[in-house]
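Asks: This is what each chain is made of:
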Amino acid sequence: MESAKMQHHQPRIGVYVCHCGLNIAKTVNCNQVSQLAEKHDDVIVARDISYACSDPGQESIKNDITENKLDRIVVASCSPRLHEPTFRQMLLSAGLNPYLLEMANLREHCSWVHMHEPDAATAKAVDLTQMAIARVRQLQPLEPETLPLTKRTLVIGGGVAGIQASLDLADNGYDVVLVEKKPSIGGIMAQLDKTFPTMDCSI
Amino acid sequence: MTDVGRHPRIKLYSMSEVADVKGYVGNFEVKIIKKARYVDEKECTACGDCATVCPVVRPDEFNHGLSSRKAIYSPFPQAVPSAYVVNTSECLGHNPVVCAKCVEACDKGCINFHMSDKEITEKVGSIIVATGMEPYDPTEMDEYGYTRFENVLTSIEFERLINAGGPTRGNLIRPKDRKHPSSIGFIQCVGSRSARKGHSYCSNVCCMNTIKSTLVLKEHAPNIDLKVFYIDIRAFGKGFEDLYKRSRRLGVHYVRGLPGNVEELPDGSLKVAVENAATGELEFYVFDMLVLAVGVQPSRGTRRLQEMLGLQLNSDGFYLEAHPKLLPVDAATRGVFYAGCSEGPKDIKETVTQASAAAVRAIRLMHKGEILTEPITAEVVAEDCKFCGMCAEVCSYNAITVDKKKKTPAMVNTAACAGCGTCAAECPFDAISMNHFTDGQIVTQIDQMLELDSQEKILAFACNWCSYAGADYAGVSRLQYPPNVRLIRTMCSGRVDESFIWHGLNKGAPIVLVSGCHIGDCHYIDANRWTEKRVEKIRKKMEKWGIRPERLQLEWISAAEGMRFSKTMQQLEKMRREVTPKEISETIEILKEKLQ
Chain R
396 MESAKMQHHQ PRIGVYVCHC GLNIAKTVNC NQVSQLAEKH DDVIVARDIS
446 YACSDPGQES IKNDITENKL DRIVVASCSP RLHEPTFRQM LLSAGLNPYL
496 LEMANLREHC SWVHMHEPDA ATAKAVDLTQ MAIARVRQLQ PLEPETLPLT
546 KRTLVIGGGV AGIQASLDLA DNGYDVVLVE KKPSIGGIMA QLDKTFPTMD
596 CSI
Chain Y
230 MTDVGRHPRI KLYSMSEVAD VKGYVGNFEV KIIKKARYVD EKECTACGDC
280 ATVCPVVRPD EFNHGLSSRK AIYSPFPQAV PSAYVVNTSE CLGHNPVVCA
330 KCVEACDKGC INFHMSDKEI TEKVGSIIVA TGMEPYDPTE MDEYGYTRFE
380 NVLTSIEFER LINAGGPTRG NLIRPKDRKH PSSIGFIQCV GSRSARKGHS
430 YCSNVCCMNT IKSTLVLKEH APNIDLKVFY IDIRAFGKGF EDLYKRSRRL
480 GVHYVRGLPG NVEELPDGSL KVAVENAATG ELEFYVFDML VLAVGVQPSR
530 GTRRLQEMLG LQLNSDGFYL EAHPKLLPVD AATRGVFYAG CSEGPKDIKE
580 TVTQASAAAV RAIRLMHKGE ILTEPITAEV VAEDCKFCGM CAEVCSYNAI
630 TVDKKKKTPA MVNTAACAGC GTCAAECPFD AISMNHFTDG QIVTQIDQML
680 ELDSQEKILA FACNWCSYAG ADYAGVSRLQ YPPNVRLIRT MCSGRVDESF
730 IWHGLNKGAP IVLVSGCHIG DCHYIDANRW TEKRVEKIRK KMEKWGIRPE
780 RLQLEWISAA EGMRFSKTMQ QLEKMRREVT PKEISETIEI LKEKLQ
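Each protein sequence line maps, in turn, to chains R and Y. Counting in our numbering, the first sequence runs from 396 upward without gaps. Counting in our numbering, the second sequence runs from 230 upward without gaps.
Because the hints were derived from the structure by calculation, they are not lab data. Certain hints may be false.
[As the list claims (entries may be wrong)] Per the computed footprint, the stretches of chain R lying under chain Y, defined by three or more beta-carbons under 8 Å from a beta-carbon of chain Y, are: (1) 491-504; (2) 513-525; (3) 529-540; (4) 549-562; (5) 583-594.
[What the hints assert, rightly or not] Quick list of the computed label-pair ranges, beta carbon to beta carbon: (6) Y:P638 x R:H511: 53 to 63 Å; (7) R:L537 x Y:M640: 38 to 48 Å; (8) Y:K766 x R:H511: 35 to 45 Å; (9) R:H404 x Y:P638: 40 to 50 Å; (10) Y:E680 x R:P480: 27 to 37 Å; (11) Y:I748 x R:E540: 30 to 40 Å.
The C-beta atom is built at its ideal place from N, Cα and C for all residues, glycine as well.
Okay, chain R solo, but in the shape it has when bound:
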């Protein structure tokens, strides 16, 4: 089923190897990585780029997408935990499905941890980028679903935390169901005498 969906047309992949200033480029030969990436099937454009996440960096990728009709993007830069949302947004604004992006982590998982072995680091960067190319070829567009939601909050516990959260929500126009185990709200706070640092009463 997977492959049936995929075979609509030949993918057109763009690969961007980020220098991250010198963070990656000092250790990894980014030019070599992009040149080897270009040799892969379906890779239409492969470039090394000084800062992929910067506005000019993103603009140049977006231009490539339009000019070369790219439909899948590999960004070989930092951790996807950092910039995956950035580049997904970029794909979206270029008219592509944001899930047709794959990142290769050349910074946290490569240049920063193999600083004294530039050749081995470059070899690893090549592998990571090529793994990303292989993967991006197989990715499928995904669409989030929209579900209705009840605009009410259950607050469990009527101590100072529950009271504050309930009031903030209610004052913002949200209905609150506050559940308290005891006959009165107030919790431990209500039992305290003066409270630091203001030394005023707790209730």
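The hints should help you fit chain Y onto chain R, whose structure is shown.
Replies: Relative to chain R, chain Y alone:
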């Protein structure tokens, strides 16, 4: 507090507990049990006529038994709701022959003994857990004599004793003989920072609570002799150090060292033996009264709610947040947020801050009136499903339903599916496809990686939340490790299919690593338990087939354990060097036969 009682948007259920929560983010259905109060909450004016005539006298819990109340009572003067409540286990009964005096006394007729517990269902979109804490009970710390000596109090009891609204109207007397104490000792860290009794963590609030008490006492009686026994004074908050210094300036004596023993003298005063860490001497002090600065522990209902909502606890028993720095009030379960001490010991300011943060996080989720679901969810290939029910069994979110009897294919509730992929890995018929992490998408990465020089490379699977983040942290910390590892990211280690391992070994990988969150810290409740079981199962097979099981490694690495990640990589590289090309080709031969 009164604002809550009269706010038109807040529905307050007192004497109530959450009994069950069904549904998922945006659409929870909550069952609440409201216990009978036997007094009409809306009608009661809290005039107290009922309590005046009630013949039953009991210790008042709010004042920790330092005063008494009746069987029909108001919890405390500022209570919200302000209505009285009947404790039926103490009440003599509403039969007029026996008692029912309160019913007669109440002109408005608010008291109704026919009330019963109610079950209420409410629909909500988000949940804030603010179940708080309870003070540590120092009964087990017998060396301080809490249960034996009347003049040894906990800090909470002491709070009631000096409170203007408390049992003595703020008049400080010691319980045994109602004498005004002229000397008071405070013992810190009772139930906190202890390896033996109580808890190992710092309770955060006790130092400042004691400092505050000394200031209040010195204000009322400048000549009172106050000593504080402590390990460290933790006055780290804004303005806290000033209060601590003020306390010292006012003559409060701080002694570094926790007492080993407390004895009661015939006049009710207490003799404390302590090794003063500053002098190294064993010193003795006598006090009229002793206050134990008790720590904070998770409240009793914590675990029940944890199970009900699929939450996680840390090793100290407090709720675990989704991320300690970036998502400090979010639970890993979408739509659930934490506020206050249920997440960890904290003071009032921090609690209020966190509660406001939790409210905003809930608003951020709800303001559009609809939610976008993450499309990285499991999808059933209906024609391949054999209705075995394995997927439903492994799903920690109850997001999959299979009717084994009617033989209807499994169905995934995409709103409830969190996207860990454990079902896809466990399905014996490959009938579940995990969006964005399909078998094909992962296998192609393995193929590409092992295409050349496979014997040089370590194939490693890492989960997005912990071990991949741990590898990121190793990078940020510039921890150097051998460059032979290639990481494949999945959302959860639970996604790592048995077939991926065989595929990797078959393609010549010398070492395969599966890594994820520590057991108990799994981002997907407990999906990594399935990882653990699976790896164990595969290792057994490897052993049986004559493949060294050590070539498949399992490591739990948290997002903060960059060091552990880098050490693991060094160990794996050592192991990799021991795997000979001959061993690899033998494995490939074995697998060729076995995997047919």
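Asks: Hint by hint, say whether it matches the structure.
Replies: Hints, verified against the model:
no.	hint	verdict
1	491-504	holds (count 5)
2	513-525	holds (count 7)
3	529-540	holds (count 10)
4	549-562	holds (count 14)
5	583-594	holds (count 11)
6	Y:P638 x R:H511: 53 to 63 Å	holds (54 Å)
7	R:L537 x Y:M640: 38 to 48 Å	violated (19 Å)
8	Y:K766 x R:H511: 35 to 45 Å	holds (40 Å)
9	R:H404 x Y:P638: 40 to 50 Å	violated (31 Å)
10	Y:E680 x R:P480: 27 to 37 Å	holds (31 Å)
11	Y:I748 x R:E540: 30 to 40 Å	holds (32 Å)
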